[in-house]
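Participant: Residue-level listing of the chains:
2 protein chains.
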Amino acid sequence: MTLTSPLPYTETAGPCGARRRADRAHTIAEILRRQVVAGAFPDGVLPDELTLAAEYAASRNAVRQALDALRAEGLVDRVPGTGTLVTAAKYPHGLNRLCGLAETLREHGPVTNEVRAAGAVPAPAAVARRFGLPAGSDLVYVERLRRVGGLPLSLDLTYLAPDIGTPLLGEDLVNNDLFALIERSTGRRLGVAELTVEAVSADPHTAAVLQAPMGAALLAVERLSHLDGGRPVDLEFIRFRGDRLTMTARTHRS
Amino acid sequence: MTLTSPLPYTETAGPCGARRRADRAHTIAEILRRQVVAGAFPDGVLPDELTLAAEYAASRNAVRQALDALRAEGLVDRVPGTGTLVTAAKYPHGLNRLCGLAETLREHGPVTNEVRAAGAVPAPAAVARRFGLPAGSDLVYVERLRRVGGLPLSLDLTYLAPDIGTPLLGEDLVNNDLFALIERSTGRRLGVAELTVEAVSADPHTAAVLQAPMGAALLAVERLSHLDGGRPVDLEFIRFRGDRLTMTARTHRS
Numbered sequence: 001m002t003l004t005s006p007l008p009y010t011e012t013a014g015p016c017g018a019r020r021r022a023d024r025a026h027t028i029a030e031i032l033r034r035q036v037v038a039g040a041f042p043d044g045v046l047p048d049e050l051t052l053a054a055e056y057a058a059s060r061n062a063v064r065q066a067l068d069a070l071r072a073e074g075l076v077d078r079v080p081g082t083g084t085l086v087t088a089a090k091y092p093h094g095l096n097r098l099c100g101l102a103e104t105l106r107e108h109g110p111v112t113n114e115v116r117a118a119g120a121v122p123a124p125a126a127v128a129r130r131f132g133l134p135a136g137s138d139l140v141y142v143e144r145l146r147r148v149g150g151l152p153l154s155l156d157l158t159y160l161a162p163d164i165g166t167p168l169l170g171e172d173l174v175n176n177d178l179f180a181l182i183e184r185s186t187g188r189r190l191g192v193a194e195l196t197v198e199a200v201s202a203d204p205h206t207a208a209v210l211q212a213p214m215g216a217a218l219l220a221v222e223r224l225s226h227l228d229g230g231r232p233v234d235l236e237f238i239r240f241r242g243d244r245l246t247m248t249a250r251t252h253r254s
Numbered sequence: 001m002t003l004t005s006p007l008p009y010t011e012t013a014g015p016c017g018a019r020r021r022a023d024r025a026h027t028i029a030e031i032l033r034r035q036v037v038a039g040a041f042p043d044g045v046l047p048d049e050l051t052l053a054a055e056y057a058a059s060r061n062a063v064r065q066a067l068d069a070l071r072a073e074g075l076v077d078r079v080p081g082t083g084t085l086v087t088a089a090k091y092p093h094g095l096n097r098l099c100g101l102a103e104t105l106r107e108h109g110p111v112t113n114e115v116r117a118a119g120a121v122p123a124p125a126a127v128a129r130r131f132g133l134p135a136g137s138d139l140v141y142v143e144r145l146r147r148v149g150g151l152p153l154s155l156d157l158t159y160l161a162p163d164i165g166t167p168l169l170g171e172d173l174v175n176n177d178l179f180a181l182i183e184r185s186t187g188r189r190l191g192v193a194e195l196t197v198e199a200v201s202a203d204p205h206t207a208a209v210l211q212a213p214m215g216a217a218l219l220a221v222e223r224l225s226h227l228d229g230g231r232p233v234d235l236e237f238i239r240f241r242g243d244r245l246t247m248t249a250r251t252h253r254s
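Residue numbers (my numbering), protein chains in the order written: chain F, 1 to 254; chain Y, 1 to 254.
Hint data in this document are derived by calculation from the structure and do not stem from the laboratory.
Please read all numbers here as calculations on a predicted model, not as lab measurements.
Ideal Cβ placement from N, Cα and C applies to all residues, glycine included.
It is possible that part of the hints are untrue.
[What the hints assert, rightly or not] Here are the simulated distance ranges between beta carbons:
no.	chain 1	residue 1	chain 2	residue 2	range
1	F	Pro92	Y	Arg189	22 to 30 angstroms
2	Y	Arg189	F	Arg60	37 to 45 angstroms
3	F	Val115	Y	Ser254	39 to 47 angstroms
4	F	Ala54	Y	Glu194	27 to 35 angstroms
So that you can see chain F by itself, here it is in the shape it has in the complex (with noise of 0.2 angstroms):
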């Protein structure tokens, strides 16, 4: 089978035409918003629509379909007689190695963290039990609202081994990670951590706290950290803001 345009399919007036066009707006759609998040536009400024309207050899309406989705998505905003502007700025999180969100978005801006809780607390049984300990055990539990360059990224609860984390919370947890803290407090490093990785809708209380709209997408990630060749000492519960964070690997096939 032989297709002659960049999108295999023919915006027909017949009755599928629709459906082709929506199709067609969204392979566009989903190339130029990997290039928006990427920031392959260095000055800001999307081609015209006659310009991608060539290169995906597709209809301006299908182009047009396209970056309405990108807009609607908040990617981009089209200024009548400028263009398209690029208006998101996504921080790119590394999945390969544990890092620290200061230690990672470094040359992004300062990361500053609300402290919203921070104390001793008995572990609830299905917290104690990641932890290899009693339901009821002392546990250190520490929220945090973090904030990159002043905007809310993402709202973190953790809970610390309580060796661990008792040391830390004379520690300045405004202006640290606390993997930092956690190295500099024991002396020994973190090693291996196991992660899940969803997508759900921001519910009313995780929508303020982030002043993200309700039902934004958001990326929830459970993280639980062991000390190097050792012992669960951190397990984190994160809920990142989706238009504010990508998230990338490098995977291998054996």
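On the provided structure of chain F, position chain Y as indicated by the hints.
Facilitator: For chain Y alone, coordinates are given in the frame of chain F:
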């Protein structure tokens, strides 16, 4: 600072009472939802409100608010007289090994692909660049709606290097992963892939194709896969339904 409850807030009657209850409900919901998603309730029934209130040393109101959040997310249903039942099944997809969907989800049910388009196309510049090819070079494009056990899981747009993709157009794309077909056809293994993961809201087109609500949270994955020790051959733009997939990974500090 020592706190006497598993959640470091007191539900006072003062002006901060509602906020504190919301914070506690959020923490309870985060812990419970991970248990639900991880299948920690094998009979599919959550403990009753009183038991949860005792475990989390929280009020029944806070527990109810947490269960409401899980219900709003579609993870549980609350049946009067019976309790809170798990209604969601999320598939785990490992990020540490490069796997096709059918390989990964073998034990969860058959993966079938509705092939929405398949054929040769001239590459848009942004796509050609990823393959190290000139703009307008021929590539093979495959667009698939992928289902597990009959339910839509993802919409995948795939560009393949022409020598790799062309022989696959005659293969059974409905019942096979592209990775498996590439390796069978070339006699070579795939090697490294670079990927990005984002949380995005479903636009109307993607929502319709995936039969998800408009605005539903999706995992958007872009993945460029290489032949073992070799060139990039497979570029995919994937949108997974957030309510049906969890990504998992192990990561190391150094």
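Participant: Taking the hints in turn, state whether each one holds.
Facilitator: Hint check:
no. : hint                                      : in the structure
1   : Pro92(F) - Arg189(Y): 22 to 30 angstroms  : 28 angstroms, holds
2   : Arg189(Y) - Arg60(F): 37 to 45 angstroms  : 43 angstroms, holds
3   : Val115(F) - Ser254(Y): 39 to 47 angstroms : 28 angstroms, violated
4   : Ala54(F) - Glu194(Y): 27 to 35 angstroms  : 29 angstroms, holds
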